[in-house]
Amino acid sequence: MSGINREGDLILVHYEDQPVVYARIQAIEPDIKRDWFQVTMLILSIPYQVVTWILREEYVNGAPFTMGGKGMKFEKVEVDLPGRTSGDDQSASGSKGPKKSPKVVAFKKQH
Numbered sequence: 001m002s003g004i005n006r007e008g009d010l011i012l013v014h015y016e017d018q019p020v021v022y023a024r025i026q027a028i029e030p031d032i033k034r035d036w037f038q039v040t041m042l043i044l045s046i047p048y049q050v051v052t053w054i055l056r057e058e059y060v061n062g063a064p065f066t067m068g069g070k071g072m073k074f075e076k077v078e079v080d081l082p083g084r085t086s087g088d089d090q091s092a093s094g095s096k097g098p099k100k101s102p103k104v105v106a107f108k109k110q111h
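In the numbering used here, the protein residues as written are 1 to 111.
Read the hints as simulated data drawn from the structure, not as lab findings.
Every value quoted in this text rests on a predicted model; they were computed, and no experiment measured them.
Misleading hints may appear alongside valid ones.
Straight-line alpha carbon distances no greater than 25 Å define the calculated DMTMM-like cross-link-like pairs of lysine to aspartate or glutamate that follow [said to hold, decoys possible]:
(1) K73 <-> E29
(2) K70 <-> D9
(3) K33 <-> E7
(4) K76 <-> D17
Cβ-Cβ distance ranges computed for the label pairs, FRET-style [as the list claims (entries may be wrong)]:
(5) E7 <-> P82: 20 to 30 Å
(6) L81 <-> Q49: 19 to 29 Å
(7) I54 <-> D80: 26 to 36 Å
(8) E58 <-> K108: 40 to 50 Å
(9) L81 <-> L42: 28 to 38 Å
(10) P30 <-> G68: 20 to 30 Å
(11) L12 <-> G68: 13 to 23 Å
(12) L42 <-> Q18: 19 to 29 Å
(13) E16 <-> Y48: 20 to 30 Å
(14) M67 <-> I4: 33 to 43 Å
(15) A63 <-> F107: 38 to 48 Å
Ideal placement from N, C-alpha and C gives every residue a C-beta, glycine not left out.
Make a model of the complete structure from these sequences and hints.
Below you can see the structure in the form of C-alpha cells.
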C-alpha cells in the first residue's frame, strides 16, 4: 500500500485475502463517532453500486479490518500512464516545454 487514499482514488477491495472488486472513493466525511469516517465508494461492477462504509482512517489507507467477521482490506491502485511519471504534471513542474501527444489507436470494424 502506498500513500494515503483520497477522494477520487481507485482502490482494489480484498475480501478474505482475495481481490474481489475495484472501487473509486467518492467521498470521505467525518462520522458522528470520533476518529471514524463515512467513506462513500462507487463499486465498479455491472451494475455499478454506490455504498457508504463507516471506517477508521487506517482502514481507508490499507490496514486490514473485518466486516461481519470477514477480513477486508483496501489496496490503492497506482496507474502509470504511458509517457508520464508521477509528478509529471506540467502545472506542478512549471515546465513550458512541448507535451508529447498520446498515440491514437483506431478500432477496425470486423465484417
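We went through each hint and held it up to the structure:
1. K73 <-> E29: holds (19 Å)
2. K70 <-> D9: The given pair, whose Cα atoms are some 24 Å apart, holds under the 25 Å limit.
3. K33 <-> E7: Between K33 and E7 the Cα gap is close to 20 Å, so the pair holds against 25 Å.
4. K76 <-> D17: holds (15 Å)
5. E7 <-> P82: 20 to 30 Å: Distance hint for E7, P82 holds at roughly 25 Å.
6. L81 <-> Q49: 19 to 29 Å: holds (27 Å)
7. I54 <-> D80: 26 to 36 Å: holds (32 Å)
8. E58 <-> K108: 40 to 50 Å: holds (49 Å)
9. L81 <-> L42: 28 to 38 Å: violated (21 Å)
10. P30 <-> G68: 20 to 30 Å: holds (24 Å)
11. L12 <-> G68: 13 to 23 Å: holds (20 Å)
12. L42 <-> Q18: 19 to 29 Å: holds (21 Å)
13. E16 <-> Y48: 20 to 30 Å: The hinted range 20 to 30 Å holds for E16 and Y48, with Cβ atoms some 23 Å apart.
14. M67 <-> I4: 33 to 43 Å: Violated - the Cβ-Cβ distance for M67 and I4, about 21 Å, lies outside 33 to 43 Å.
15. A63 <-> F107: 38 to 48 Å: holds (42 Å)
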